[in-house]
Structure formats: C-alpha cells, structure tokens
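*Asks:* These are the residues of each chain, in order.
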Amino acid sequence: MKLILQFLRPHWKLFIVTVLLLILDVIGALFIPTLAAQMLNLGTSGSSFTTLWHTGVQMAIVSLISGVCAILGGYACAALAARVGKDMRIAIYKKSLKLSVYDFRQFGTASITTRTVSDINTIQMALTSTIQMILPVPVICIVALVLCFQLDVEMGCILLAVMLAVLILAYGIMRSAAPLFKKLQKLLDKMSIVLLENITGVRVVRAFNNETREQKRMNTAFSNYAETSIKANRRFANLDGLSFFFINLFVVIVYWICGSEINTGNLQIGDITAVIEYALMVMFFLMMAQMVILTLPRALECCDRIQAVLTHTPEIRDLVKENPKEEAGKKDAVLSFKDVSFRFADAEENTLNHLNFECRRGETTAIIGGTGSGKSTVASLILRFHDVTNGAICLNGTDIRNMKQSFLRDHLAYVQQKAWLFSGTIASNLRYSNKNATEKELMHAANVAQAGEFINSLPEGLNSFVAQGGTNFSGGQKQRLSIARALVKKPELYIFDDSFSALDFKTDAALRKALAAETKDAAVLIIAQRVSTIRNANQIVVLHEGEMAGIGTHEELLENCPVYREIYESQTKEAQEA
Amino acid sequence: MRNSKKQNTVIRLFSHLRNQQVRLTVVVFSIIIYVGLSIWNPMYSAIVIDHLWESIQASWNNGTAFSITWDNMGRELFQLTVQYFFTWIFYYLQSYLMANVAESLVLNLREQVSRKLNHLPLRFFDQNKAGEILSHVTSDLDKITEVMQTGLLKLIVAIGTIIGSLIIMFYYSVPLTFIFLIFMVISMLITKMVSKRSLRYASEQQETIGVLTGIVEEYYNGRNVIKAYNHEAESLKQVEAAAEDACVANKKVGFMTNCVNPLIRLLTRLAHVVIAIIAGRAMLNGTMTVGVVQAFFQYINQTAEPLTEASYMINSLQAAFASAKRIFELLDEEEEIPDPANPVSLPRAKGEIKFEHISFGYDPAHLLMKNISFAAKPDKK
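Chains as they are written, first to last, in the numbering used here: chain A, 1 to 578; chain B, 579 to 959.
If we strip away everything but chain A, and leave its shape as in the complex, we get (with noise of 0.2 Å):
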C-alpha cells in the first residue's frame, strides 16, 4: 500500500484529475435517473410538451458531460497506472544494480525479472480498476443517499438500510471467500511447480520408472485445485444471488411504501423510477466494487514482493564519498590480500582462511586448488563482489573499501569462468570498456587472445550479430572474445577465472604467449584447476581447503608442497591414462 503512493505521489496532480473527473461522470450518472423521473412525473401530471422537451435536453446535455468526464477520466487513469508501471520498473532495476551477489541470488535472476515485468503489471491493473471502481464508491453512496432523502425521508431510510444491508453481506463474505482466494493462489503455483518439474525432468522421470508417482502426484495438485476453486466460486454466487434479492425486495417494499406516500403529494409517481435506479446504480457500483477487492490481495502481494526488493539494504556499499590520490610513481604490488578470512553470510565455516599474498606488477600469479578450495571466491572479493570478513585487501597500497566500487573496477579487467556476451555485434562488446576504442585496437586485442582468426573468417566480421549470452557462438569462442573484451581495457590487474578450460590444448598455449607479451606492464592473476596452465606462472598459491597450502614457483612447490604434489600427479596420470 505504502509502495503505491509512495509511487503515486509523483504524479499527484493527474490523480487528482482523474479521481475529479470520475466523480463528475458518477455525478452525473446519478443526475440522469432524477431527471427521467422528472420526465414521467410531468408525463402524468399532464403538463404541456414543451417542458418535456427542456427535460428531455437537460438529460442530454448531462448525458453528454457525464460521458466526456468518463472517456476523458478513462484516458488520465490509462496515462497514471502506465506512468507509475514505468516508474517502479526503473527503480527495481536501479535498485538492482545495487545489490551484491549474495543479495541478488537470494532473490533469483527469475524472480526479479518476474517482479520487474508481470508484478508491476499486475498491480498496474490493480490500480486502473481501483481507481475506476472502488474510489467512486463512497461517492455515490452518498450522492444517492442525498437525492433520494431530498425525494422523501423514509426513502431515504430504506435505501440507507439496504445499502448497510449489502455492504455487510459482501463484507460477511468476502472475508469468508478472501483466505480460499489465497488458498487458490498457492495451489495455481505448486500446481505449475509439480508441472514444470515433471516436464523439464522428464527423462529423469522416465528413467527411473516414476510415471505413475508422478501422475498422482500431479492429479492430487489438480484435484486439490479444482476443489478449492469451486468453494471459492460458490461464495460468490452467493454473494451476488443474495444482493440481487435483496434490492429486489427493496424494490417492492418502494412499491408498498410510495403508494400512500404518492397519495399525500409527498412523492409522484415517477419518483418510484428514480428511487429504484439510485438503488439499482448503487448496488451495480458495490458489486463491482466487491470483484475488485478480491483481486487486490495478488495485487497487494506483488506490492510487497516489489517492496522487499527496494527496500533490502544492500551487503556492499560505497563507504567513501572519495578516490584514493593516484599516486606519482607506481607500486610495486598492485593487489594484496592481507590475512584473508571470508565467510559466507549463510554459512557455518570460513570459505578462506589467512590468505597472504601479492600480485606484482609484470608478474604472473596463480591460485590452484580442487574443487571447493574456495578459488573463484578469491576472485569475487578482488572484485568486491563481497566483503572480507577479516583482514584486507588492498589495491596499489589502499584498502578497496576505502574506494568507491566503480574506482577498483576500473583498474581491474575480470574474465569469468562462464563467458557472458550482451546481445549486439562483436565490436559493440569488444568495446564495452573503451567506448572509442578503434578497430585496430579490436582487432589486436582479438588476435592476442586468438579470436582474431574467427572473427575474419565471418561475413560481418567486427559487426557480426551477437545474441544474447553469446549463444550464437560456441564456448570457446565466447571465451576467446570475453577475453579480448578484458585486453580491450588494458587495466593494472588481470583476473582470468578459468578462463582456459574451454579451449584446446594447441590454442591454449598460443593464447597464453600472446597474452604474456600483452600484459608484460600488468599484473595477472590466473585461478585454474590444471597444473599445465598455470605452471609457468611467476608465483602459485595453493589453495587447499580454503587454505594456502603451499605458495612458490611450480618447481618449488613440487619439492615442498605435497598437496600440490598431489595434484600435479594426478592429473599427470590421467592424461596418460587417457
């Protein structure tokens, strides 16, 4: 609720536009029913025709107001909701931006996208129909009300004690129907979950000879589906039945009541007319009204799910306002892990533990280990994707928290291990560092990480499509221009995630020389899980078990470090097993 006039108030004045023009076409909706009755009060009371007439042109011309004020409070209503829809969509994704790793996989690349595009839709819709058919409510309650007290008190009355009537019916129950339409809402989803699952794991199913489970299983979904949608439908038809009886019976008591009244002169004949439209109008408005509210629930839902995106405070923030001075005459160490320690928020044990060690300018360092040694987390913190939980890292000498996000990243160029191209031509991605960076430039970059023969052996060559991910492109290749895309950039520091494990050996090995004479001036940090590529490296961190293990050349190591030992001879052995 917050979140919709949170988002409303920007553009309070076309609300107050709309609501006002609203009301006038309910206004005048009212308007119309008093003066047919005044029509067929003249028609037997015997007046002449021209009085008629001016009558009749008076409801046409109320007609005619009332009915602009509806097109036009329509066409205000259709701009707010698109503007609000089109206001929230860009702050979730601005929030987006914000928010850290940890933070974003919480929620899931699915859900924000769902929260982004069919959530506000959703509520978009919700406001429309709010707007159009709730807010009016009160209104003509009221105007109602007035007109038929000014026709006759006890009217009046009657119609006060209907309308209280139906309201409390529909209040009575809507909350009955309210927790089943819920209910409903969480059946549809595991329903579509049970669906999914059976249809994207169908050869899982199969395999293991688990139809006939998963049948009943789905069959339950539906059965308990339908059940609960029958109840939920059954409240309505109650609700809507029983209102319709009830100014039915409103209708002959008028019938009952206005005779005498009719014979004393308090009321003419056609006033019967007008009070029975008032109520009729009343009881169209409330019905609608009551469908309206059943689907704000979702709606509200929605809001909130938006809500928890804007409102989550995110794990990694700016925490200075200031760069740190480049300094005059260049380091040495371009990136130090001082006492590393980090933990996942969610989890029991350190991911990394006491990691000491530099990455020199012109040097290359490696982190080795197996899997689940912590080695893709050490480039994360490098990127501050997280924070330590203990020691520092620290970039040319300052801690990078002590820097804004966007200066650190700007000194490091970050290839990660599952290549990831943006939809557009191979140049427009070449060049998503360097906005100016001439084709030569591409070209060179490319042809180091040896791309370079592909790309020209393409019709479109630079300006050939990419689709989105890359996926017009085989994974090799989407490494190869990931890494030319990173070489592009020409930073300080180079961090190569397993960048290599998509390209075969030959290639491997160009790939590598080129780029040793491409970063002669850099510092480059490789983490891989294969001695041969990285065993030319100038410095190696063993990483075993979130711990260093070992740290020298391949040489020194092999003599002193028995995990690295270790692996070293296994997978020497596999390539000749192989």
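Bear in mind the hints are in silico, worked out from the structure with no lab data behind them. Don't take every hint at face value.
[Unchecked claim] Pairs of lysine-lysine residues, derived as DSS-like cross-links and limited to a Cα-Cα distance of at most 25 Å, are as follows:
1) B/Lys830 to A/Lys13
2) A/Lys98 to B/Lys903
3) B/Lys707 to A/Lys190
4) B/Lys707 to A/Lys418
5) A/Lys95 to B/Lys815
6) A/Lys404 to B/Lys815
7) B/Lys830 to B/Lys815
8) B/Lys732 to B/Lys903
9) A/Lys325 to A/Lys95
10) A/Lys186 to B/Lys815
11) B/Lys707 to A/Lys231
12) A/Lys216 to B/Lys815
13) A/Lys506 to A/Lys435
14) A/Lys435 to B/Lys815
15) B/Lys815 to A/Lys321
16) A/Lys94 to B/Lys815
17) A/Lys435 to A/Lys338
18) A/Lys94 to A/Lys325
19) A/Lys338 to A/Lys321
20) A/Lys190 to A/Lys231
21) A/Lys216 to B/Lys694
22) B/Lys732 to A/Lys190
Could you slot chain B onto chain A? The hints should help.
*Replies:* For chain B alone, coordinates are given in the frame of chain A:
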C-alpha cells in the same frame, strides 16, 4: 476446413460433459425459468404500477385515503416478491451447479493431460519449450474454466433475455423499440471499431513488453559483467528507454479498454433520453401508461448491456475454444512406442548391453549415429 475443425473442437469439448448430464439438465431447466422470470418480472411490475396508479387516482377521486391492503395491491405485491424470490433461487442454482460442471470438466481434462505427459516421446519435450507446455496446461485450461463457468452461462442467459425482452418491447411499442435498436446498432459498431484499435495496440504492447523483458533478463543474467566493467549507468539508460516505450504502449491500450464502457453508456443514455421524450408525449396523449413506460425502461436496462457486451462475450468464447483446440492437439500427439504386450522378463540381469547396427538421429534426416555396434560387458569400464 477451418469451420469444421472448430465444430469438432466444440463437439469434443461438450462430449466431455456427458457424464454430468443430471447437473446439466438442472442447469438448463434453471436457465429457462430464470430467463422466463426475468422477462416476466418487468411486465408484471408494469401491471402493478398501473394498478397502483389507478388505485391512487381512484382514491383521489373518491376523496378517501389510500392504503395498501391484501385486496388492494397487497396480493400483487406479494406475488411480485415471490417472483423475485424465485428469480434469485434459480439464478443461484444455475451459477452454483455450473461452477461444479466447469471444474469437473477441466479436472477431467487436466488428468488426461497429466497421463499424456507421461506417455509422450522425449522428442516432444525437446521440440517444445517447457514454458509453453506449462502455459498450455495452466492458463489455457483456466480460460476454459472461466468461460464454461460464467461466460457460457452469461451468453445463454443474455441471448434468452434479449430475445424475450425485445419481443415484449415490440409488443409495447414498435417505434420506440426501433429507436432503441438503432442506438444499439450504433453502439455495437463503435465497440467493433474500438476493439479493432484495441487489438492493434495490444500487440504493440506485447512487443514492447517482450523487448523490455529481453533487456532486463539479459542484464540480470550478465550483471557481474556489467558491474565488473562499470556499465551500470549505461545499462540503466537502456532499461529506461525500454520502460518508456512500454509506458506509451500501455497508455494507449489502457485508454482503449477504459473508454469502451463510457461510450456505450453514453449511447444508452442518449437512447433513454430520446425514448423518454417520445414516451412522455405518449403518456400525455394517453397512448401509454406509466407502468408500461417504466417497464420499457427496465427492459432497456436489461437488454442494452448484454447486447453491447455480446461481442466481448463471443470473443471470450472464441478464445476459450482456441485454448480447447490447443489442449486437444496436445492430447492427440503421437505417443511413445508402448511396451510390448508380452515383455520378456529378466529375473537377474547380468548388466551386459549390446548395440547392434544402431543408427539414430533426433531428426531422421540428420543421423548422428550410423550403423554403430559395440558391447558394454559387465565388470568392465
């Protein structure tokens, strides 16, 4: 060809209702009575009002006070109450039962689909996106439920009410009914024009939402790269542009949707005005009574809304049949090769598998394996 196919879907859909015949008969019965009463009620109220008016005028003339007793108006009012009561009962009954009928039908279809999913060849799951299959089973079936439950009922009741009301209206006054029909035709033409525009805007909206979803999904998936390369501001600009496009399309669609009802109401009211003026003159001339005029207005109210909603109702019905057609297509898909009637049972399988001259391709035109033969013996890797 297309029409007969559609007919087949309709017939097939209704054949599923065969086992609910008792309920359906009661529903049909309720509908008939309900419609009948809806048509009769205003007529009777005309009689009541006229009688009321006459009694009052008689009392005026006689100089006596007017009061309602059983003989004087009481009986008529009581009958009216009873009529309204029964109208309600049958309305309730038909809604209640139809809800059951619809859900049972759809439950039946869902179970058939779940059984089918377990017998479809893997080829089907490879060729069709999971999301699409899911949407068929959930939202297509939901559409069918909705239409079966309320839409169909409303349509049938509307048709009955419209026909009956029009007959009575013609009986009361031919010229007035014609005027009413002219206004109705105009409003139906307007609805058609608006819905054509509306469809165009709707597909524009679908496109912009598609683009927005694509961009947003891509950026969410690649957010690590965006962050690592400090591309946040640039990506935000793209999202803003896409959101703006969606906003514009959204506004257009919303407007079309919101302006239909006001337009129709406007026309109905103008019809009211014209008819009121003419009826008023008739009342002054004594050719129409008060009761008849107010009954006529009741009939207008009863008829105008369903008439203009008719096209919308028919669209919903068509959408539901389209959904049903998709479901039946799914149910008609070729099943996997069934297990042989007398399978050989292997009480203790040794674990030896032989491939003898196997050729295979996901697409028979592009074979991946050509004449492969090998054996995997137990105890060997």
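*Asks:* Against which earlier hints does the structure fall short, listed by number upward?
*Replies:* 2, 9, 10, 11, 12, 13, 17, 18 and 22
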